[in-house]
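Those protein sequence lines, which keep their order, are chains A and B.
Heads up: the first sequence begins at 963 in the working numbering, then just goes up one per residue.
Heads up: the second sequence begins at 963 in the working numbering, then just goes up one per residue.
Careful: at least some of the hints might be erroneous.
Calculated from the model, a selection of chain A residues having no Cβ within reach of chain B, i.e. all distances over 10 angstroms [what the hints assert, rightly or not]:
hint, residue
1, Met963
2, Pro1268
3, Ser1305
4, His1311
5, Glu1317
Pairs of lysine to aspartate or glutamate, EDC-like flavour, derived with a Cα cap of 16 angstroms [unchecked claim]:
hint, chain 1, residue 1, chain 2, residue 2
6, B, Lys1044, A, Glu1223
7, B, Lys1225, B, Asp1236
8, A, Lys1038, B, Glu1234
9, A, Lys1337, A, Glu1097
10, B, Lys1353, B, Asp1215
11, A, Lys1352, A, Glu1223
12, A, Lys1044, B, Asp1288
13, B, Lys1037, A, Asp1288
14, A, Lys972, A, Glu1182
15, A, Lys1145, A, Glu1223
16, A, Lys1037, B, Asp1236
17, B, Lys1352, B, Glu1234
18, B, Lys1352, B, Glu1182
19, B, Lys1038, A, Asp1288
Calculated from the structure, these hints are not laboratory results.
Just so we're clear, the structure is a prediction, and the values are computed from it rather than from any experiment.
Each residue gets a CB set at the ideal place from its N, CA and C atoms; glycine is no exception.
2 protein chains.
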Amino acid sequence: MKPKFRILKKDKKTKARAGVIKTPHGDIETPAFIPVGTQGSVKAISPRELMEAGAQIVLANTYHLHLRPGEDLIKKLGGLSKWMSWNGPTMTDSGGFQVFSLGVGKEGGGVKFLRDESKYEIEQEAKPRLNKITEEGVTFQSHIDGSTHKLSPEVSIEIQEKLGADLIVCFDDLESPKYNFEKTKESLELTNRWEIRSKKAHKNKNQLLFGVTHGGKFRELRIESAKFVDKNFDAIALGGAHLNKENLYEVIDWTVANVSEDKSRHQLGIGEIDDIFEIIERGIDTFDCVIPTRIGRTGFFFISPPLGNIKNRFRTDIDKPQYRQDSKPLDSNCKCYACQNFSRAYIHHLFRSRELLSYNLLSLHNVHFLLNLTKKIRESILDNSFSTLKKSWL
Amino acid sequence: MKPKFRILKKDKKTKARAGVIKTPHGDIETPAFIPVGTQGSVKAISPRELMEAGAQIVLANTYHLHLRPGEDLIKKLGGLSKWMSWNGPTMTDSGGFQVFSLGVGKEGGGVKFLRDESKYEIEQEAKPRLNKITEEGVTFQSHIDGSTHKLSPEVSIEIQEKLGADLIVCFDDLESPKYNFEKTKESLELTNRWEIRSKKAHKNKNQLLFGVTHGGKFRELRIESAKFVDKNFDAIALGGAHLNKENLYEVIDWTVANVSEDKSRHQLGIGEIDDIFEIIERGIDTFDCVIPTRIGRTGFFFISPPLGNIKNRFRTDIDKPQYRQDSKPLDSNCKCYACQNFSRAYIHHLFRSRELLSYNLLSLHNVHFLLNLTKKIRESILDNSFSTLKKSWL
Chain A
963 MKPKFRILKK
973 DKKTKARAGV
983 IKTPHGDIET
993 PAFIPVGTQG
1003 SVKAISPREL
1013 MEAGAQIVLA
1023 NTYHLHLRPG
1033 EDLIKKLGGL
1043 SKWMSWNGPT
1053 MTDSGGFQVF
1063 SLGVGKEGGG
1073 VKFLRDESKY
1083 EIEQEAKPRL
1093 NKITEEGVTF
1103 QSHIDGSTHK
1113 LSPEVSIEIQ
1123 EKLGADLIVC
1133 FDDLESPKYN
1143 FEKTKESLEL
1153 TNRWEIRSKK
1163 AHKNKNQLLF
1173 GVTHGGKFRE
1183 LRIESAKFVD
1193 KNFDAIALGG
1203 AHLNKENLYE
1213 VIDWTVANVS
1223 EDKSRHQLGI
1233 GEIDDIFEII
1243 ERGIDTFDCV
1253 IPTRIGRTGF
1263 FFISPPLGNI
1273 KNRFRTDIDK
1283 PQYRQDSKPL
1293 DSNCKCYACQ
1303 NFSRAYIHHL
1313 FRSRELLSYN
1323 LLSLHNVHFL
1333 LNLTKKIRES
1343 ILDNSFSTLK
1353 KSWL
Chain B
963 MKPKFRILKK
973 DKKTKARAGV
983 IKTPHGDIET
993 PAFIPVGTQG
1003 SVKAISPREL
1013 MEAGAQIVLA
1023 NTYHLHLRPG
1033 EDLIKKLGGL
1043 SKWMSWNGPT
1053 MTDSGGFQVF
1063 SLGVGKEGGG
1073 VKFLRDESKY
1083 EIEQEAKPRL
1093 NKITEEGVTF
1103 QSHIDGSTHK
1113 LSPEVSIEIQ
1123 EKLGADLIVC
1133 FDDLESPKYN
1143 FEKTKESLEL
1153 TNRWEIRSKK
1163 AHKNKNQLLF
1173 GVTHGGKFRE
1183 LRIESAKFVD
1193 KNFDAIALGG
1203 AHLNKENLYE
1213 VIDWTVANVS
1223 EDKSRHQLGI
1233 GEIDDIFEII
1243 ERGIDTFDCV
1253 IPTRIGRTGF
1263 FFISPPLGNI
1273 KNRFRTDIDK
1283 PQYRQDSKPL
1293 DSNCKCYACQ
1303 NFSRAYIHHL
1313 FRSRELLSYN
1323 LLSLHNVHFL
1333 LNLTKKIRES
1343 ILDNSFSTLK
1353 KSWL
């Protein structure tokens, strides 16, 4: 059975919609936040904790699983969902983003994030790229052992078919945010050729293949890309790297205006609280992000209004001295296992003592927080209160 | 209510017995394995996972909690059991062992363990001790920031009263395994004076105070110590550091023969599979050990017979290449969460990828393994099959 998307309700004032994606591994109620399990594990969280937190689907990375342990072994052990004992719907990306990180991402000067991931800056120093792109595909060095590997549309799809996720993504070439119009156009044209090859290579009828839109921050290219993907694919993923917020929202507007309404739309790699409201308002159905687990491991946790706000990006740092004696939970409005059972003071102690349980509790809280927020947003769309909910947060 | 021990059944052929310790935080069915949560967390395991694994009581370390976050804060937040959201019975040690590690443990040449903790060796190179022992107590340097602290019988008991565990231990001086008879006797006499001071300092009637026996490997001293502790205390803890197996078993025999039968007996710091059978057979009721979590974090996991045996110490290493494609659980006879849901192949992948979930699953399995083994031993004592069970394992 091929995964199928259905819209249940549209918001009256915005482009937000509530729907459902039916997959062979179960239903995904949208809008949905998709936690990322890069190497087949959402970092520091067990599958049952993830399910309890309200996750409906997990995204894993094709690049990482291809290098270790390899798609053949995962297929032999029952496929991605069974192998990681998630037993629910899964999604894989194409490997394109990791290839970008090894290539133009380095050449243009790598990206450096602050500890709380609230800001990044492009490192000025360019580094030698670790990949080589041709019409055929990409040759790159493994980050694990330096061995040489190839990815192409056909190889990416073959890997993703063996992994067996319900939602999969076409192999794409990522443009550098520093590219001018001409270079971005060249990259988009290569992506388009690769997407057609991805589509031809794809045989597994139980998987929904997302075409990916590109075109950097250029309106003309983004519209061309949206129309191209809409013409050729049943589901739309919005790609690109390191757009600023203004560009991101514009890009979604341009894209959504140029694709069929009945196709599901996935925003790759976004997960800030304000972004979640803004992208759903603009018509995004699903989105994935590593932020909640990554900032959890460095001590940051999400907080809801009035403590949390745009200015503090709805997060604070458990390492702060003010939490040493704080008997309150991480977030007073949260119903996750961490907030129901532990004080900030205890988790502050665990974090300072480098106890592994601290990474588990902070990550679990953060993932639950985004899942729960997205669930509330869905409910608000269903009962016509989306704008009110958004106002109460932003 | 003061914790109270009651014997329910005695084995006919050995000194093994099944009983129960009633505490203000709940009952402990004995024999019982007590997992160790050094800094207020059994490493890499959440309290609810621990409870599900069958833990009845957790031991935390006075030395560590005194230095961070401090007993006053823990008391303010409801005491050890509530603070760590364990909400069941707890035990604290006296701090004596950590003081030993900083002192004679270093002076005599530190102890170095193999990665799987199956063997240790005394490092030949002596290091400067980080503590100073006088009649009054011990002055030592914190392992966290080098600051100077004092422990004495009165201070140790005051800390333990504030932490509020159900079972607590007298402050003791640990003898070096290299000491001769005279030096061991001197150390024991200091311990005895400190134990009497500990008893005098102890006011909290909801706590059961264990006297600690010492005397190294010397029969005469061990008997003297057993009689001394039995005369002065309602519960007996067997102390000492780095005895070999033969000495350990002898020491228990000498001690048990010289203490009242109706007092509960705790063996400090023991948890190898064969030791568990041997010490319970000799009359031990409770024992604590960091082995299951410590070896779990380095990749080792317990296996039951016939795969597990004395020769491999009932353990193997998930990092071995043979587990790369192994679809079986860690241990086929185990009912823990890890064994019910994940393959060795998946956990091997997680461990090689340094995913935090691997430390959780391996630690959880190992703790469950010892808890379940001890539970089976208890059942065998109750239905007169202890010797048969022991034979099937050793």
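Status of each hint after checking the structure:
1. Interface exclusion of A:Met963 from chain B stands, the closest Cβ pair being 25 angstroms apart, more than 10 angstroms.
2. Non-interface status of A:Pro1268 relative to chain B is upheld: no Cβ of that chain comes within 10 angstroms, the nearest being about 25 angstroms off.
3. The Cβ of A:Ser1305 does not lie farther than 10 angstroms from every Cβ of chain B; its closest approach is about 6 angstroms, which violates its non-interface assignment.
4. Against chain B, the non-interface label of A:His1311 is violated: not every CB pair exceeds 10 angstroms, the least being about 5 angstroms.
5. The beta carbon of A:Glu1317 sits about 5 angstroms from the closest Cβ of chain B, which is not more than 10 angstroms, so the claim that it is off the interface is violated.
6. As the CA atoms of B:Lys1044 and A:Glu1223 are separated by approximately 53 angstroms, the hinted pair breaks the 16 angstroms bound.
7. For the proposed pair B:Lys1225 and B:Asp1236, the alpha carbon gap of about 24 angstroms is over 16 angstroms, so the pair is violated.
8. Between the alpha carbons of A:Lys1038 and B:Glu1234 the distance comes to roughly 36 angstroms, so the proposed pair goes past 16 angstroms and is violated.
9. Restraint check for A:Lys1337 and A:Glu1097: the C-alpha separation of about 42 angstroms exceeds 16 angstroms, so the hint is violated.
10. Between the alpha carbons of B:Lys1353 and B:Asp1215 the distance comes to roughly 20 angstroms, so the proposed pair goes past 16 angstroms and is violated.
11. In summary, the hint linking A:Lys1352 to A:Glu1223 is not supported, as the alpha carbons are separated by about 23 angstroms, beyond the 16 angstroms threshold.
12. A distance of roughly 14 angstroms separates the Cα atoms of A:Lys1044 and B:Asp1288; the hinted pair therefore holds under the 16 angstroms criterion.
13. A C-alpha spacing of about 13 angstroms is found between B:Lys1037 and A:Asp1288, which places the hinted pair at or below 16 angstroms, so the restraint holds.
14. A C-alpha spacing of about 28 angstroms is found between A:Lys972 and A:Glu1182, which places the hinted pair above 16 angstroms, so the restraint is violated.
15. Our distance criterion of 16 angstroms between C-alpha atoms is broken by A:Lys1145 and A:Glu1223, whose separation comes to about 30 angstroms.
16. A threshold of 16 angstroms between alpha carbons decides the hint, and for A:Lys1037 with B:Asp1236 the separation of about 40 angstroms lies outside it, so the pair is violated.
17. Proposed proximity of B:Lys1352 and B:Glu1234 is supported: the alpha carbons are some 14 angstroms apart, at most 16 angstroms.
18. With a C-alpha separation of about 30 angstroms, the suggested pairing of B:Lys1352 with B:Glu1182 is violated against the 16 angstroms cut-off.
19. Straight-line distance between C-alpha atoms of B:Lys1038 and A:Asp1288 comes to about 11 angstroms, which keeps the hinted pair within the 16 angstroms bound.
Figure legend: structure checked against the earlier numbered hints; hints not met, in rising order: 3, 4, 5, 6, 7, 8, 9, 10, 11, 14, 15, 16, 18.
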